[in-house]
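Protein chains in written order, with the numbering used here: chain A, 1 to 458; chain B, 1 to 458; chain C, 1 to 458; chain D, 1 to 458.
No lab work stands behind these hints, which were simulated from the structure alone. Just so you know, these numbers come straight off a predicted model, no measurement behind them. Beta carbons: idealized from backbone N, C-alpha and C, even for Gly. Don't take every hint at face value.
Pairs of lysine-lysine, DSS-like flavour, derived with a Cα cap of 25 Å [stated by the list, open to error]:
1) LYS171(B) - LYS171(A)
2) LYS170(C) - LYS171(D)
3) LYS149(C) - LYS295(C)
4) LYS149(D) - LYS171(C)
5) LYS180(C) - LYS59(C)
6) LYS180(B) - LYS170(A)
7) LYS180(A) - LYS303(B)
8) LYS149(D) - LYS171(D)
9) LYS180(A) - LYS170(A)
10) LYS170(D) - LYS170(C)
Okay, the calculated bits of chain B under chain A, using three or more residues with CB under 8 Å as the criterion [claimed, not checked]:
11) 84-98
12) 200-208
Number of protein chains: 4
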Amino acid sequence: MITEQFVDASITPLGNLDTLSPHEVARLQDRSNSGLHTLFRQCALAVLNTGSEMDSTRKVLHRFRRFDVQISQKFRDVQLDLINAPASAFVDGEMIQGIREHLFSVLRDLLYVQDELDSGDDELTESERITNLVFHILRHAGAMRPHVKPDTVVCWGGHSINRIEYDYTKKVGYELGLRKMNICTGCGPGAMKGPMKGATIAHSKQRITQGRYLGITEPGIIAAESPNPIVNELLILPDIEKRLEAFVRLGHGIIVFPGGAGTAEEILYILGILLREENAHMPFPLIFTGPEESKTYFETLDKFIAATLGEPARRFYEIITGDAHAVAQRMKERLDEVTRYRKSNGESYHFNWDLMIPLALQQPFEPTHELMEGLNLSLQQPDYALAAQLRCALSGIVAGNVKEPGIRAIEERGPFQLTGDPQVIDALAELLESFVQQRRMKINHEDYVPCFRLAHRA
Amino acid sequence: MITEQFVDASITPLGNLDTLSPHEVARLQDRSNSGLHTLFRQCALAVLNTGSEMDSTRKVLHRFRRFDVQISQKFRDVQLDLINAPASAFVDGEMIQGIREHLFSVLRDLLYVQDELDSGDDELTESERITNLVFHILRHAGAMRPHVKPDTVVCWGGHSINRIEYDYTKKVGYELGLRKMNICTGCGPGAMKGPMKGATIAHSKQRITQGRYLGITEPGIIAAESPNPIVNELLILPDIEKRLEAFVRLGHGIIVFPGGAGTAEEILYILGILLREENAHMPFPLIFTGPEESKTYFETLDKFIAATLGEPARRFYEIITGDAHAVAQRMKERLDEVTRYRKSNGESYHFNWDLMIPLALQQPFEPTHELMEGLNLSLQQPDYALAAQLRCALSGIVAGNVKEPGIRAIEERGPFQLTGDPQVIDALAELLESFVQQRRMKINHEDYVPCFRLAHRA
Amino acid sequence: MITEQFVDASITPLGNLDTLSPHEVARLQDRSNSGLHTLFRQCALAVLNTGSEMDSTRKVLHRFRRFDVQISQKFRDVQLDLINAPASAFVDGEMIQGIREHLFSVLRDLLYVQDELDSGDDELTESERITNLVFHILRHAGAMRPHVKPDTVVCWGGHSINRIEYDYTKKVGYELGLRKMNICTGCGPGAMKGPMKGATIAHSKQRITQGRYLGITEPGIIAAESPNPIVNELLILPDIEKRLEAFVRLGHGIIVFPGGAGTAEEILYILGILLREENAHMPFPLIFTGPEESKTYFETLDKFIAATLGEPARRFYEIITGDAHAVAQRMKERLDEVTRYRKSNGESYHFNWDLMIPLALQQPFEPTHELMEGLNLSLQQPDYALAAQLRCALSGIVAGNVKEPGIRAIEERGPFQLTGDPQVIDALAELLESFVQQRRMKINHEDYVPCFRLAHRA
Amino acid sequence: MITEQFVDASITPLGNLDTLSPHEVARLQDRSNSGLHTLFRQCALAVLNTGSEMDSTRKVLHRFRRFDVQISQKFRDVQLDLINAPASAFVDGEMIQGIREHLFSVLRDLLYVQDELDSGDDELTESERITNLVFHILRHAGAMRPHVKPDTVVCWGGHSINRIEYDYTKKVGYELGLRKMNICTGCGPGAMKGPMKGATIAHSKQRITQGRYLGITEPGIIAAESPNPIVNELLILPDIEKRLEAFVRLGHGIIVFPGGAGTAEEILYILGILLREENAHMPFPLIFTGPEESKTYFETLDKFIAATLGEPARRFYEIITGDAHAVAQRMKERLDEVTRYRKSNGESYHFNWDLMIPLALQQPFEPTHELMEGLNLSLQQPDYALAAQLRCALSGIVAGNVKEPGIRAIEERGPFQLTGDPQVIDALAELLESFVQQRRMKINHEDYVPCFRLAHRA
């Protein structure tokens, strides 16, 4: 469907985004390191490159290396001039409206984040400061709906899934949508797109014109997982940890479809939180699901969790296979539980302030060979702490698979080295091996070369 | 998906439909022949029975023979009490909103049509009177959007099509929707549903929340072709001829997908109009399309038209196979032509008053063995007249296949007899034979017994 | 403010009114007796002549005798061409939007009423038929809001009131508006305009953008009482009796300000209804009010009612002077009572079907010298029957004052003669005399010559 | 109308303002000097005290000294608890919606301004920084409408004007509203309220439901000039200079009605800008107007300007008396000129970046006896510089009249001393004397004691 053409176009903004100050325009034009141009160009390209089946940031950047975006200095009409943009963003020469909105969401969030990062607030702890920033970004983007009962279901899962799995994600989305729930995913193809398509059809039947299809991403991943234009609220958080925090504070329940390393990272992140004593009292719906055919996938996963985090960690999720209807009904029940809890505890519906997220899961982890090798994959620590270490390990693998700096590091220095207790390493090996065999690591799986090497700690 | 359950429910109306007069309520309650209850019950059942794969009115009526709908006489809250209603209309006990709207669309149109049929207007010719009635029904239903540029594409085609064809209709709908066109079909599954699903996804990407999915039906066919809940404007015309007139005056262009006898009837109807000298000056987009795999289908059809209506009739349509993108682009071009024509001629955008429809195509044809046998299937008449006769022949076959009175007549008296010139009869035989072989006559095609017999006129 | 200029202009319609059929356009163009052109021209002129201080239909018609309105036959754009229209309807050459809407409300109601009058319904009694027609006109005009709690206050009162009285009507409207009530009047200046202006300011403070300012009029009075452009729902009923019925079935409570013969007619109409046994159980708020300075006015009125309809008739209304705040609070309380009543009795909020209106008050009374002389103004009849007779007497006086046929009849044959029991006639004489002295009969009161003569029945 | 009662009430917020962070709630609760509670309490009181005829901040604060506002710490529902609030803000116990909105506008702006003041930006000059801050506050408040043609008319004038003048401001507002212009004033009674009332009625006639009634104020003046609830966009700028900058960059033209010292300050501010060479090329509509009766007022003012700023300064404004119609037509013409200018120069419609405002007019002037005495009221400086000095002089007089710190300073140290060139001082004396005589200095003018003393510089 996608032709190899490039298109030049001038785009005028939407609504209030037109009212940039000259100072803001200057920052977007600034191609120096302190300026925003490089980041904006990269995210803009990702947004335009929708529908692409390339999940390698590098390949995307290479194909569209002659792409540029210029923001004009005219006061009256802020204007984006796109040069050599992907033709797939256009229909008969006109940009698809959803993509046009995404472009300006990028602009909105990049400008705001820089502003907010500038203005530190000394009265807050580091952890509070990070949570506050996530809150402010979401509020500024208009992503919070006070007084609306919990109805936002986060769907996690792989971008590279097979047809049966994909159709199943659509069915689950359809059943969620029929029950008036909204969908939030991480953007991109596969399990991030299917539930939104299903929900779109269901919302149409239920005459819900304000259905929400939230996409939460970050600059490092967006190029590899272009947002689908169905996403009608695109949020760009500054890094992967704040993106994960946005998911769990904004969403009211989570459904996990089959996926690869990224999905496993997300599962470890949420388990690392739920295992904390401070969160024990709080209902948090977490359902793993896939078609009947994916049964063994979840068995492997379940086994991995038991082997690493221990049997008690299994109480935080339920596994349902091959029954989209049951998944939606169960999620609805659990959301009612969330509603009752928040109501009786005076907690807000729109942002889960109540959830305790350990600083270890908030602080950015930028994988290097040294940091990866230094991860503590041992059972001699609390379960939540091991979850956080494993989360980093998987984050590094995602980077090595699809992110530009990760790929470069692997090219230069070979695979990341992960060492740890035999029980942990063996469980991890089995899990990763199954991902490779099931072709979940990358879309172009034929030529997959693992970016990691596992070893028992001596 | 559909369970065999029955549900009881009370439904309160929407918006202005609440304001019925006691007199109107009485008419809806009236179970006598002059009352509306029987008709309303039948249409209500059809609307509730969505998603069903039964296209036999009789079977539907039999399965839900214990279904009833009562309208309560309370002034303040007009209320519908449904007894033994199909469970498929409900999600967790709550009626799907789209279906709820359909119920009240039925009520709106049945009440209005009776009113309007009462009040004849002596100054008009019979043909003008019929057109005026169609106009008033559509206007009363709010189906006209003055000043909006021609954008409504009628999609005709079979309710019983294969998976490849169905996926293709979705793709065409998607490409039409991306180009901001709206969809109008005859309700029901197959080619009437696919384009709407495709357009829903595309409209979502284009942020079109007011996309139109028009379903035009009539009491005789609605039970066999339940409207899909995506339909957000359901119109019930009083009979098949007024339904066809509504299609061609409200729609701005027509796409024909593969189908059976009903689709052929529709093609003959529009050709019977376009062949009239009076309409020669007017652009009227008509595209036959299907997946590459359906190529021979259209060759058969094309051949049939040439053999019966003559070579010149072929200039009114174009055939495009296997290219959804091209179909949408071509339709868009042709709609621009329609816009230019209407603008320069001072014709309205919302209703094609300009189109001359011969009275022969407006007057109701209720197939009996006598009328079917009496059809003039001869080449010794103008092309448009033969088209009208053939249209009746195919209308009769549809009735014999899926409509309750038709099925009963066939049971009692055997197949309808059609006789005519050898060239016409042979062409017709070939066409119908291909429908049977390609399983286009009924959804449960295994047990299809033809309801017609063809013979050369002596 | 009003200049003597005339303006020519072409006006295109709004929304759905564009979709007229050629047949409807023809009826509006038809200048014969059976056509609608004369009536439409007359009502259109009234609507355009807003802000005028002429209450003589004749004078209006004379000044604008060269005014004409033509409706163009083009299908695509129904267009009104105005010739020699009053300049006061325009601002810098552009028609005030409220007036433009009024023009098309007139068109909507005139076309609809003719349609509905055509289609009789044999199953209904005469009284039911009239009520049904009123209901259908209001529903067709979109004037009913089902499920909305009773909040519509009818304000009756004179078009010719003094500054103190006018300011007081504004204050009452303001207090009603602050309490989120809507206003319904008979159109025109004075007490019909003041409450709407006051409510507009209050609704603005309460951020009510959907405030309703209903104007209910009829072709015979509209020329003398042009609707104020604040009116955002203009309804043209076919005659004065249906207009009165619309007031009492659509409104939820009534406030009566000082006024002349027309106001007295309205009071007698509602008392003629409330005095009926059948309505005894039903709460119906009715408040007479004016500034402190108008105290004697209400004393005269109160005395007149006691003398003619008897002491018990006084229980249906309360009199509050000089306290706009108290009026609004009291009306709010009474509307709550209405809400409770309708709720517990299953009565609709949007149309008072429950109210019994005697046929005598529904049948059109067209005053002639004979009919006026024949009125039975005697105490030897039930109170409600005398109320109906007195209503006719006052209706005739209004006609003789400001309606074209009435004025002509008076010119030709002298004043109307009213005879009756001394007690009734004396009370009437005192009331009418006070109207003349207080300059309530006409706006140009200097030259007021009574159009009636009273006499004791021999 | 205002009773002396006090009311306690709990108010829940509107829309997105509900989503405060715990950190923000804490700042609003903080009663220390660095906290926002004192400022918020003061502004909240002003907003609630609408309709008051007290223009002395001190008296307001004294009467409502027991007033308090508490913001509750519950996450789910940010809630304001008002104690001993002015009863005038309520109708039958329910807060007027417009006032409720104002309360949360205050909260929005106070929180935002503190945030923004925290985050300096080193790359900008002082003047750019101030303009940028004004821009950000307005944008955050949603006060900018990109792409909307210039239509916002700033109305300046006294809060203490007579009935004839007040009615005239209503008429001008009405004529502006009929021409679809929006109104922006400084909040408060008199000339700040009349144009909004007039425009409300006109917008209603023109069916403009989105009419804008902007009120721009600052914490120092808001207590003395409570916003009228018609104001539907209330903006609280941090100080008087930024408030003035907001007027001239957001508004597209200015109308000046009769007023006192504050109005003269505003006139000197805008002349101080327009006299700058850098602004010479730019159309800036400025009309002085009042009823025929106010003719001498404008003669005095005109004379004062000529005497101090010189004859050339007179070319920037036109004076129209007694013709509301002409004022509105002229403003419309001039706004068309503004539109053409901005369009052809690529300037934005929503914020006048192009206008050069000298830093002298941007820097806060907080009047003390020393600073007042030190003002350079000499003709030996450029005209725009003298305008800035005179602006400060009048700003000081306003403070001495109605602002709490000013009144206290006068009480302690006697009147401010102003000295300067005889020509300037004499002109100023004449102007101020006329204000006193015409009772324009304060609402309770009977006891006005001048807060200034003038003297020729030796």
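### Query
Does the structure keep LYS170(D) and LYS170(C) at a Cα separation of 25 Å or less?
15 Å, holds
### Query
Within a Cα-Cα threshold of 25 Å, do LYS180(A) and LYS303(B) meet the stated pairing?
Outside the cut-off at roughly 49 Å; violated.
### Message
Would the hint linking LYS180(C) and LYS59(C) be met if the CA-CA limit is 25 Å?
### Response
Violated. LYS180(C) to LYS59(C) sits at ~39 Å, over the 25 Å cutoff.
### Task
Decide if the proposed pair is consistent with the structure: LYS171(B) and LYS171(A), CA atoms, cutoff 25 Å inclusive.
Since the Cα atoms of LYS171(B) and LYS171(A) sit roughly 19 Å apart, the hinted pair holds (cutoff 25 Å).
### Message
Hint check: LYS149(C) vs LYS295(C), CA-CA at most 25 Å. Holds or violated?
### Response
The given pair, whose Cα atoms are some 33 Å apart, is violated under the 25 Å limit.
### Query
Three or more residues of the stretch 84-98 of chain B near chain A by CB distance under 8 Å?
Answer holds; 5 residues pass the 8 Å Cβ test.
### Pair hint outcome, LYS149(D) versus LYS171(C) [Cα-Cα no greater than 25 Å]
Roughly 36 Å separates the two Cα atoms, so the pair is violated.
### Message
Under 8 Å between beta-carbons, do enough residues of the stretch 200-208 of chain B, three at least, approach chain A for the coverage claim to hold?
### Response
Result for this restraint: holds, n = 7.
### Query
Under the criterion that the straight-line Cα-Cα distance not exceed 25 Å, is the pair LYS180(B), LYS170(A) satisfied?
Distance ~24 Å between LYS180(B) and LYS170(A) Cα, so the pair holds.
### Query
Taken at face value, is the distance from the CA of LYS171(D) to the CA of LYS149(D) at most 25 Å?
23 Å, holds
#### Entry: Restraint status (C-alpha distance of LYS180(A) to LYS170(A) at most 25 Å)
15 Å, holds
### Message
Next pair to validate is LYS170(C) with LYS171(D); report whether the Cα-Cα distance is within 25 Å.
### Response
Roughly 17 Å between the alpha carbons, so the hint for LYS170(C) and LYS171(D) holds.
When the structure is compared with the earlier hints, violations turn up for hints 3, 4, 5 and 7 and for no others.
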